[in-house]
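Colleague: Chains as they are written, first to last, in this note's numbering: chain A, 1 to 380; chain B, 1 to 260.
Simulated from the structure, these hints should not be mistaken for laboratory data.
Computed cross-link-like contacts, DSBU-like style, restricted to lysine-lysine with a CA-CA straight-line distance of at most 30 Å:
id, chain 1, residue 1, chain 2, residue 2
1, B, K152, A, K13
2, A, K286, B, K193
3, A, K3, B, K98
4, B, K193, B, K241
5, A, K225, A, K70
6, A, K286, B, K189
7, B, K97, A, K3
8, A, K286, B, K98
9, A, K370, B, K31
10, A, K370, B, K97
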Amino acid sequence: MLKVAFLNLWRRKTRTFLALLGLVIGVAALIALVSLVDGVNQEAMSAFSNMQGIMVFQKGQTYMGPLSSKIPITFKEKIESVTGVRKAIPEIRITIGKVEGNTQLLTGGAVVGYGVDLADLGEGSASVILEKIITGRTLRPGDEGVVMISKSMADDFKKNVGSQIELNNDKYKVVGIFEPVSNIFGNMVVMNMDDAREIGNFPSNKASTFFVIPADLAQASKIAKLINFKYPDDLDARSSQDAIEQVGSLIENLRNFAFLVSLIAAVVSAIGVLNTLLMSVLERFKEIGVLKAVGWTNDNVIRMILLESLLLGFFGGLGGVLLGFLASEFLSSALALTSIITPLLVMEAMIFSISISLISGLYPAFLASKMEPIDALRAE
Amino acid sequence: MVKKGKVKKEERKPIIEVRKIKKTYLLGETKVHALRGVSLNVYPGELIIILGPSGSGKSTLLHQMGALDIPTEGKVLVDGLDITQMDSWNLSMLRRKKMGFIFQSFNLIPTLDAVENVHIPLLPTNVSEVAAHRRAMHLLKEVGIEDRAHHKPNQLSGGERQRVSIARALINDPEIIFADEPTGNLDSKTGEKVLEIIRKLNEEEGKTFVIVTHDASLVEFADRVFIIRDGLIEEENLGGKNGHAYKSESVELNKRKRKK
Ligand SMILES: Nc1ncnc2c1ncn2[C@@H]1O[C@H](COP(=O)(O)OP(=O)(O)OP(=O)(O)O)[C@@H](O)[C@H]1O
Ligand SMILES: [Mg+2]
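Extracted from the complex, chain A is given alone in its bound form (with noise of 0.2 Å):
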């Protein structure tokens, strides 16, 4: 049966091959996409998962990132006389604009500063980056005028410990290379925070954000409440929970977008199947009716076109994984994102293509269903 159902397939390569090429553009439009979201998902999960703290931004920007932020040291004071918490560290985040004199661009490729007290380093946003120094050493409370950066840019402008790099107009030298936690983070350089002040010509007296440590970790949504509750006209905290779960929507959405472009592709490529099948049994209407003629049922002839359907399904979406896979690569080196195809990804794509494809195959088999041994007999 498997054969016959192939043979007819076969017979019309071109038109097989259109149906086949609608349902592996939608299946691997499909792969493309999610793998991408899935991709944006796992870093951003890991880049939040690391900082178990609340970040407090100023009040209205924190959609423009910690890179708008400006608050007065004065909080410092004021954040930890707030219950529960135990600390909170200022930090500064900067775009570097010039770097060995070369214009940056502002978005992707950014170089971000980061300048925190080295005192706080081991307990800051930062600190997981210093289990991920790759070569060097991480900074030291004292340090002056080094600089720790990131692999990418260590690759970037070709650098390695003890090199000179110059960032903006001042000459630093590196001391440490680290692996970023996530590539959201991109090119990135941690510093002194004098010198990240001095390199990003930012206000003496303020800070870009807190870092936040509650007593209990346990507490942190309620204690960002309550710094909310408390200045709610300066400051807005949000703790890595928080942060997780609005980043996790947003993503669940995206990955449901990413679902309805590939239920259009899906549309499309069911047309293409129900008409491959259509005009493939309206065409061997003669056959099929001797095929009755010759004992077959009504659901063995279903059965048989049903079959075909589920071969194109079953091709389609082979091809479409294939296919999905490259795009995803070039996608993902293209844009700079990573993204991950998981074994369930995969088969969540089979069976889209496959269900569609059966779906589309249901008229037809119907059809030839309804196909009379006589009236094939007759049109001799």
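Starting from the structure of chain A, add chain B with the ligands where the hints point.
Modeller: Structure of chain B with the ligands alone, referenced to chain A:
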């Protein structure tokens, strides 16, 4: 001269009983009466021939007998069961288990080779593909074209194609085989070979045949010959098997057909 021999009442139970069937087609507003009250019995082991002019209802009658169609009026009993009361599944099963069909234009599946075409009726059954294949090869040998087993229909001559379709009709070991102008698309020499196969199957293996044909030569091997005109059986004659010399009369039959 055609002798109007009354056929001896058979003791055996008929395989097929056709009882006063009428078949009326609706062509828009007008009614076409293809069969207008036909009755006949087919007994096991018989070779029956249906002759008649074009449009007289031969194919229509064959289709009603072969459970391919249901008459407008009357009954068709196969092994005593009324097929006019059966649903399409039971009709399929009846065709699968008891009947074989040979068509004028062979009706082979172009994508399958000869042996696959022969065993396609068994594909949906629980006969294993290996067993089906073996039986199909055996049948191809029986009809003398086992060396063509792996040729596609378009690589076969007309006579070879018809032999494939005879083998296909035999694959389920049917009790009765229906053939609508089996030699109609063949030249007289290949036609003769095909008829020889049919004769052997009837005489040596006892297969029952109902054959619609213009081909007079087969009348020689027939048990009975029905002549049908305008949807009615006009004559029922004994065939050559029963000692009737048909050679000259068949010419007359053909003449009559041409007149119409
Ligand atoms: N589906 C149909 N609709 C309308 N009329 C039909 C249909 N099928 C057959 N007929 C008519 O019924 C009559 C008998 O047709 P049938 O095919 O049985 O003739 P036949 O004896 O087999 O002729 P031939 O020798 O040409 O094959 C014809 O007048 C034909 O036009
Ligand atoms: Mg006919």
